[in-house]
Amino acid sequence: MATFRTVKGFRDFFPEECALRNYITETWRSVARRYGFLEYEAPVVESTDLFRKKSGDEITAQLFCFRDKADREITLRPEVTPSLARMATARQRDFKKPIKWFQIGPCFRYEEPQEGRGREFIQFNADILGDTSPAADAELIALSIDVMREFGVSAEDFTVRLSNREIWNQFLAEKNISAEHTATFLGIIDKIERAKPDDTETKLGNIGLTTAEVRSFMAAADENHPAFADLKANLTARGLWSFIKIDASIVRGLAYYTGTVFEVFDLKHNLRAVAGGGRYDKLCALMSDGNVDMPAAGFAMGDVVLGILLKRTPGAQCALTSALLAASSIDAFVVVADEAQRPHALAAVQALRAAGIRIDYPFAAQKVGKQFQAAEDRKARFAIVFGSEYPEVVIKNLIARSQSSVPAASVVEEVQKLLAEPVVGPLIA
RNA sequence: GUGACCGUAGUUCAAAGGUAGAGCCCCAGAUUGUGAUUCUGGUUGUUGCGGGUUCGAAUCCCGUCGGUCACCCCA
Numbered sequence: 137m138a139t140f141r142t143v144k145g146f147r148d149f150f151p152e153e154c155a156l157r158n159y160i161t162e163t164w165r166s167v168a169r170r171y172g173f174l175e176y177e178a179p180v181v182e183s184t185d186l187f188r189k190k191s192g193d194e195i196t197a198q199l200f201c202f203r204d205k206a207d208r209e210i211t212l213r214p215e216v217t218p219s220l221a222r223m224a225t226a227r228q229r230d231f232k233k234p235i236k237w238f239q240i241g242p243c244f245r246y247e248e249p250q251e252g253r254g255r256e257f258i259q260f261n262a263d264i265l266g267d268t269s270p271a272a273d274a275e276l277i278a279l280s281i282d283v284m285r286e287f288g289v290s291a292e293d294f295t296v297r298l299s300n301r302e303i304w305n306q307f308l309a310e311k312n313i314s315a316e317h318t319a320t321f322l323g324i325i326d327k328i329e330r331a332k333p334d335d336t337e338t339k340l341g342n343i344g345l346t347t348a349e350v351r352s353f354m355a356a357a358d359e360n361h362p363a364f365a366d367l368k369a370n371l372t373a374r375g376l377w378s379f380i381k382i383d384a385s386i387v388r389g390l391a392y393y394t395g396t397v398f399e400v401f402d403l404k405h406n407l408r409a410v411a412g413g414g415r416y417d418k419l420c421a422l423m424s425d426g427n428v429d430m431p432a433a434g435f436a437m438g439d440v441v442l443g444i445l446l447k448r449t450p451g452a453q454c455a456l457t458s459a460l461l462a463a464s465s466i467d468a469f470v471v472v473a474d475e476a477q478r479p480h481a482l483a484a485v486q487a488l489r490a491a492g493i494r495i496d497y498p499f500a501a502q503k504v505g506k507q508f509q510a511a512e513d514r515k516a517r518f519a520i521v522f523g524s525e526y527p528e529v530v531i532k533n534l535i536a537r538s539q540s541s542v543p544a545a546s547v548v549e550e551v552q553k554l555l556a557e558p559v560v561g562p563l564i565a
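In our numbering, each residue carries its 1-based index in the first sequence increased by 136.
Worth flagging that the hints you see were computed from the coordinates, not collected in a lab. Worth double-checking, as some hints may not be accurate.
Pair ranges (Cβ atoms, derived) [said to hold, decoys possible]:
#, residue 1, residue 2, range
1, VAL559, ARG330, 43 to 51 Å
2, PRO151, ALA500, 16 to 24 Å
3, LEU403, ALA356, 18 to 26 Å
4, ASP230, ASP148, 35 to 43 Å
5, LYS311, ALA369, 27 to 35 Å
6, GLU525, GLU292, 51 to 59 Å
The C-beta atom is built at its ideal place from N, Cα and C for all residues, glycine as well.
Modelling step: build the complete structure from the supplied sequences, incorporating the hints.
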């Protein structure tokens, strides 16, 4: 009977979940590095004011915040962008522009857990600072696409919904709508596909607009809109534009985005957004009280929705399965068939491990049949039998079920030679 | 923060007011130097927790905690 449980919204990572998490984070890291991004890391705990400054007081309702023993207000970070802005602006002169950085780490939000959302999740963030060009936006979108493809998720499985805050600013200017209504208006647009049409009409009416003129504008905002021209040229040249779907209703939450906004969405499972991001040119100035006015753009991808998507996407399952197998398997299992040979077996275990070979063996005397079963359970590729024939040892290929006898003195090089061969056998197609 | 449904062994689930059970998993054996299958035996519960109704509660009621889902939000 478990007396203790995990705190609400938090997860245990048993080995299988840990392997999945590592596969995800290692893939993120590998693709980001391929794109020339450098890894950095910010603290998991920050001053609550850091997040209030970026998002306003009302944000504290969703913050995992405390008072520490010195009565300081601190928060488990709900996102890493404010920390990034703090770090980048503090030492921006030390770094050549553009700054291309990424971070992988846990974030926390005090919300009701449900599908695809807990109170703790791992987030991948990639950002480019000090560059205003659409090329930077394109680089980020391309990275998000290539991350998905690296996982084996293809164009059939996901799309990138793209929009730009500027087109709405233009629209509001043309309609002579006061700038004070911008946030309200974007909130309505964000929900326009889900809200009741009557409510939308009423809310738009309150700021002097009609659903019809908004819908008409949205329909006209296609991929030929001038706001997307540079992005389209860039991503077309990369062969990636086919992943893009212009969707003017993409707003991405609060008001800090200033230009390009995009979301990675799965096409088949109606999940939450897998990733989201955009351009936020004013944030560094805000966070540094105007000392450093550095343009920026970035996106974030969480592990939870992505993990659900990978498990449900056939094209992603092969890589996922082999990653999980690699994490849970060993190269060889040492069978101690004759306890008198245990010291020799232990010596071999040490030598094999020193050579970088993944080895396990039984701690106590066990029947040989049990030991082979243990080797099987550990997903070992080979069993190495130390028995009465020592100094000869038997190496058995557990997949092909073939075996050979070699001198104990050469067991390391023999096993290395065998491991270098491709995996073949009746159990592997 | 709001609402709905749920909570029984490690796990998946039975037991619909009357003695808490089964499959799987795990451990041991059948099998003293080779992995399967099968068979045998074994461990585990204040039925999430607390209160109430009742002769009697896993079952009905209230509260609480947790899970799932939706709302809110999604930085």
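*Structure versus earlier hints, numbers of those that do not hold, lowest first*: Violated hints: none; all satisfied.
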